[in-house]
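Chain A is already provided as a structure; the job is to place chain B on it using the hints.
Those sequence lines, one after another, are chains A and B. According to the working numbering, the first sequence holds residues 251 to 365 in order. According to the working numbering, the second sequence holds residues 4 to 117 in order.
Each hint should be verified, as a subset may be incorrect.
[To be verified] If we take Cβ atoms under 8 Å as the criterion, some of the chain A residues that face chain B in the derived model are:
#, residue
1, A251
2, Y282
3, K299
4, L306
5, K308
6, Y311
7, F313
8, L338
9, T350
10, N351
11, F355
12, G358
13, T359
14, L360
For the record, the hints were derived by calculation from the structure and aren't laboratory data. Note that CB positions come from ideal geometry on N, CA and C, so glycine has one too.
Residues per chain are reported as follows:
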Amino acid sequence: AQSVAQPEDQVNVAEGNPLTVKCTYSVSGNPYLFWYVQYPNRGLQFLLKYITGDNLVKGSYGFEAEFNKSQTSFHLKKPSALVSDSALYFCAVRVYGGATNKLIFGTGTLLAVQP
Amino acid sequence: DSGVTQTPKHLITATGQRVTLRCSPRSGDLSVYWYQQSLDQGLQFLIQYYNGEERAKGNILERFSAQQFPDLHSELNLSSLELGDSALYFCASSARGGPPDTQYFGPGTRLTVL
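In isolation and in its complexed conformation, chain A is listed as follows:
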């Protein structure tokens, strides 16, 4: 079965420090991986995706993610955290097979950036 795991319910980091939000996946075939962010009482905002090519993907708001096929991971990173980055982050994988594009989401990681 295809799945996504976010092993940390919450990540705490001080403003200005680097941050990492972890994601591992299990899929058949080549994975299409996504990161979304959800601010309180808002919808999900797309941050970045990995389809193929360079293992380091750059996205919105200074975020990037590193695809590691051998470790089946797609961790989200940012060199210097901002208080405004505090939000709920979701990793997702596209379900493989057929013409569908449906996503399976992880359980989410709450990022708390302290000033």
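Coordinates of chain B only, in the frame set by chain A:
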């Protein structure tokens, strides 16, 4: 702002009732997706439409149904509502409905069943 609109923002209703949630995709997008977000189940895919036709089904209850109209807007109908149906319902849209499309999400409709 993703360009996906959902109405209403909030909906409060009673058990046994029926409600309709509406979604307008981004301009030019042909595919619409519905997701449910709840505390116990997380974010779950319900159903996908592409250009008016159902393309994929997820964990959608038989009491729930959806359709996509010729103008590409979509409606999710929830009937015989139960307390457990209280959740945030998201609509997303993408250009073609297949990989490697990016799905853009609307702000959601918060449904409370009392």
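Here is what the structure says about each hint:
Using the Cβ-Cβ criterion of 8 Å, the hint placing A251/A at the interface with chain B is not satisfied: the shortest such distance is roughly 13 Å. The beta carbon of Y282/A comes within 5 Å of a beta carbon in chain B, closer than 8 Å, and the hint placing it at the interface holds. Interface restraint check: K299/A against chain B, minimum CB-CB distance 6 Å, threshold 8 Å, status holds. The interface hint given for L306/A is broken, as the beta carbon of that residue sits about 17 Å from the closest beta carbon of chain B, more than 8 Å.
The restraint placing K308/A at the interface with chain B is violated, with a minimum CB-CB distance near 15 Å, outside the 8 Å limit. A hinted interface residue such as Y311/A counts as satisfied when its beta carbon comes closer than 8 Å to some beta carbon of chain B; here the least separation is about 15 Å, so the hint is violated. Taking 8 Å as the C-beta contact cut-off toward chain B, the hint placing F313/A at the interface is violated, the least distance being around 15 Å. Nearest Cβ of chain B to the Cβ of L338/A: about 10 Å, over the 8 Å cut. The hint is violated.
About 4 Å separates the beta-carbon of T350/A from the nearest beta-carbon of chain B, less than 8 Å, and the hint is met. At about 5 Å, the closest approach between the beta carbon of N351/A and any beta carbon in chain B falls short of 8 Å, and the interface hint on this residue holds. At about 4 Å, the closest approach between the beta carbon of F355/A and any beta carbon in chain B falls short of 8 Å, and the interface hint on this residue holds. For G358/A, the interface hint holds, since its Cβ comes within 8 Å of a Cβ in chain B; the closest pair sits about 7 Å apart.
About 12 Å separates the beta-carbon of T359/A from the nearest beta-carbon of chain B, more than 8 Å, and the hint is not met. Using the Cβ-Cβ criterion of 8 Å, the hint placing L360/A at the interface with chain B is not satisfied: the shortest such distance is roughly 13 Å.
When each numbered hint is compared with the structure, violations occur for hints 1, 4, 5, 6, 7, 8, 13 and 14.
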